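Asker: Chain by chain, the residues run as shown.
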Amino acid sequence: MNAWISKKAGRLLNQFGVWLLALFVLALVSFPLLWMALSSLKPAVELFKTPPTILPKNTSLDWYREAFGDSTVVRYSLNSLIVAVSTMIIDVVLGTLGAYGLARFRYPGRRAIIVSVLSAYCIPPIMLMTPLYRIIAGLGLNSSYLGVIIGHVTVTFPFCIWILVSFFKRIPSEIEEAAGVDGASIFTIFYRIDLPLCLPGVLSTGIMAFILSWNEYLLASVLVSSDTMKTLTVGLANYISSTEINWGVIMALGTATTIPVIILFTAIQKYFVEGLTAGAIKG
Amino acid sequence: MRDFTVPGTATHGWVLLRGDYFLKRRRVVFLFVAPTVLFLAVFVLYPVLFNIWLSLTDAKLLQDTPSFVWLDNYRKLLSSAVFPRYLRNTVVWTAFSVVGQLLLGFGLALLINRTNMGFGTAFRSFLLIPYVVPVVALALVTKWLMNGDYGIVSTWLQNLGLIGHRQSPLALPGSAMAVLIIINVWRSYPFPMLIYWAALKGIDKELYEAASVDGAGRFQSLLHITLPHLKDTTLVLAVLRIVWTATYFDLIWMVTGGGPAGSTTHLPIMIYQASFGTFQTGYAASISVVLGILLFIAVAFYVRKSVAPED
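As you go down the protein sequences, you meet chains A and B in turn.
Residues in the first sequence are numbered consecutively from 17, following our numbering.
Residues in the second sequence are numbered consecutively from 124, following our numbering.
To be clear, the hints were calculated from the coordinates, so they are not data collected in a lab.
Small disclaimer: the values here were computed from a predicted structure and weren't measured.
The beta-carbon is built from N, C-alpha and C at its ideal position, and this holds for glycine as well.
It is possible that part of the hints are untrue.
Stated by the list, open to error - Going by beta-carbon spacing under 8 angstroms, a handful of chain B positions derived as facing chain A:
(1) V259
(2) I394
(3) A407
(4) S411
To be verified - Covered by chain A, per the in silico footprint, the following chain B stretches (three or more residues, Cβ under 8 angstroms):
(5) 161 to 167
(6) 172 to 181
(7) 192 to 203
(8) 210 to 223
(9) 316 to 326
(10) 361 to 374
Based on the sequences and whatever the hints tell you, model everything.
Answerer: Structure representation (structure tokens):
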């Protein structure tokens with residue numbers, strides 16, 4: 017009886033420990049984000065107080081009004097949106113075709129292409145920066161949407177195709193074979209059978225491409241010199257290097273840049289987890 | 124993996140099933156793959172080769188006709204006084220970041236693997252958020268947290284007497300790199316966590332049951348069952364994260380810009396400064412080639428491990 021109680025108590029204590037640990041982790045992970053959001057809601061009197069207070073006494077949206085009352089911020093957001101949506105569309109169209117071709121057929125050179133995709137996935141933006149700058153400038157695309165879009169597709173495309181291959185590989189080939197025997201053409205099979213079956217995966221890969229492009233800083237900063245063509249991340253990073261740092265506006269913009277990303281990611285993360293754990297590593 | 128391969132049907136590397144239909148695929152397949160191949164060739168392969176070529180020239184940022192200087196850039200780099208220091212910064216930054224994120228990722232994977240309660244999925248989703256937080260937002264909030272006058276973390280550290288009054292840990296050579304590494308671990312643990320979690324789910328439950336019957340405790344099971352099963356995963360993860368961390372530019376650039384006094388300058392910052400600070404494109408290219416060579420072996424290993432044998 018005593019042993020039974022101590023075993024039960026031990027299990028409860030264990031459970032309690034797990035919960036406590038989970039809470040601690042939650043606090044650590046949310047701390048910087050929560051602090052950014054809280055700071056953006058504090059009026060100046062509270063924001064610049066020493067020592068700082070944790071919770072705001074009064075909340076206001078003044079910093080947001082000030083931030084988005086500035087027409088350049090609106091322009092930056094619009095630029096980011098245009099670039100990210102275009103990157104997403106190009107990645108999805110090219111990626112879906114390419115992934116289908118890699119997952120569904122066997123032909124000489126296929127392995128070489130797969131190896132190239134994976135190697136490209138490992139080439140970091142910092143190494144592509146210098147040559148891409150010259151290539152884009154040589155094409156006369158400096159400070160244009162197309163220039164940034166090319167840069168963003170370059171760094172997101174290998175990731176997208178790699179994830180998409182893992183989605184297409186999961187469709188049982190018997191379904192297609194049956195359709196093939198019925199005389200359907202390959203393109204019909206592709207967009208009538210495989211594409212609808214993979215649609216959640218394709219859409220979530222697209223959203224991931226959107227997020228990667230929306231967050232990208234290095235290439236966007238290098239490939240754009242004119243102020244009106246800057247993306248939100250580049251514009252935001254410039255605020256910090258200016259002599260007079262407006263922390264309230266910066267926290268408001270940081271929060272406003274992060275929230276859409278978290279919402280989008282939460283919506284797709286189920287598929288993202290499936291795709292990544294299937295495709296990223298086969299150890 | 125379900126592919127079209129059926130033993131005995133492959134001729135000349137092509138898989139032929141049910142005659143005509145799959146023969147027709149042969150031509151059409153190029154339409155699917157051609158855009159990918161073309162894109163990779165133009166925007167990945169060409170820039171890489173172009174970069175190597177640039178590293179052998181005296182190209183300037185806004186100059187169109189560079190001349191060949193062979194290995195001058197490399198000689199200049201290897202004899203430069205700051206190179207060993209920046210290389211060491213790169214190694215410190217990479218080693219601590221990677222070890223930190225693998226350990227944290229593994230620990231959290233164990234945790235989410237245990238929490239089979241209702242909140243398990245929500246908890247996992249929440250833990251993935253740092254993976255997508257825009258680095259610029261993270262960098263800005265880091266600077267705000269560490270602000271010497273109003274930053275909450277700086278205030279805590281000041282109250283503990285660890286740093287001086289109105290001082291920021293980002294302004295001290297010793298602590299700036301430590302702050303950056305901690306922030307980098309915060310943003311990059313979700314990927315290892317996810318991969319470890321998937322690997323944990325792949326371990327046969329019966330092994331644990333058998334061990335438990337034999338009287339093994341939880342810790343012994345971890346040591347003798349879990350860890351040996353994760354060896355390959357860890358190796359591949361470490362390689363991938365080393366490559367990405369050693370070349371990762373944005374966070375350091377936006378938080379410290381490589382300072383104070385070069386204490387957080389690593390090779391990617393050096394490349395950027397050479398390229399857009401002093402406009403020496405050729406020199407910048409040579410630094411990235413050196414960094415690339417250092418990492419090439421790692422990438423080759425990762426690719427070899429990750430391409431399924433049947434591909």
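Asker: Take the hints in turn and mark each one as holding or not.
Answerer: Hint check results:
| no. | hint | in the structure |
| --- | --- | --- |
| 1 | V259 | 4 angstroms, holds |
| 2 | I394 | 6 angstroms, holds |
| 3 | A407 | 5 angstroms, holds |
| 4 | S411 | 5 angstroms, holds |
| 5 | 161 to 167 | holds (count 4) |
| 6 | 172 to 181 | holds (count 3) |
| 7 | 192 to 203 | violated (count 0) |
| 8 | 210 to 223 | violated (count 0) |
| 9 | 316 to 326 | holds (count 5) |
| 10 | 361 to 374 | holds (count 7) |
When the structure is compared with the earlier hints, violations turn up for hints 7, 8 and for no others.
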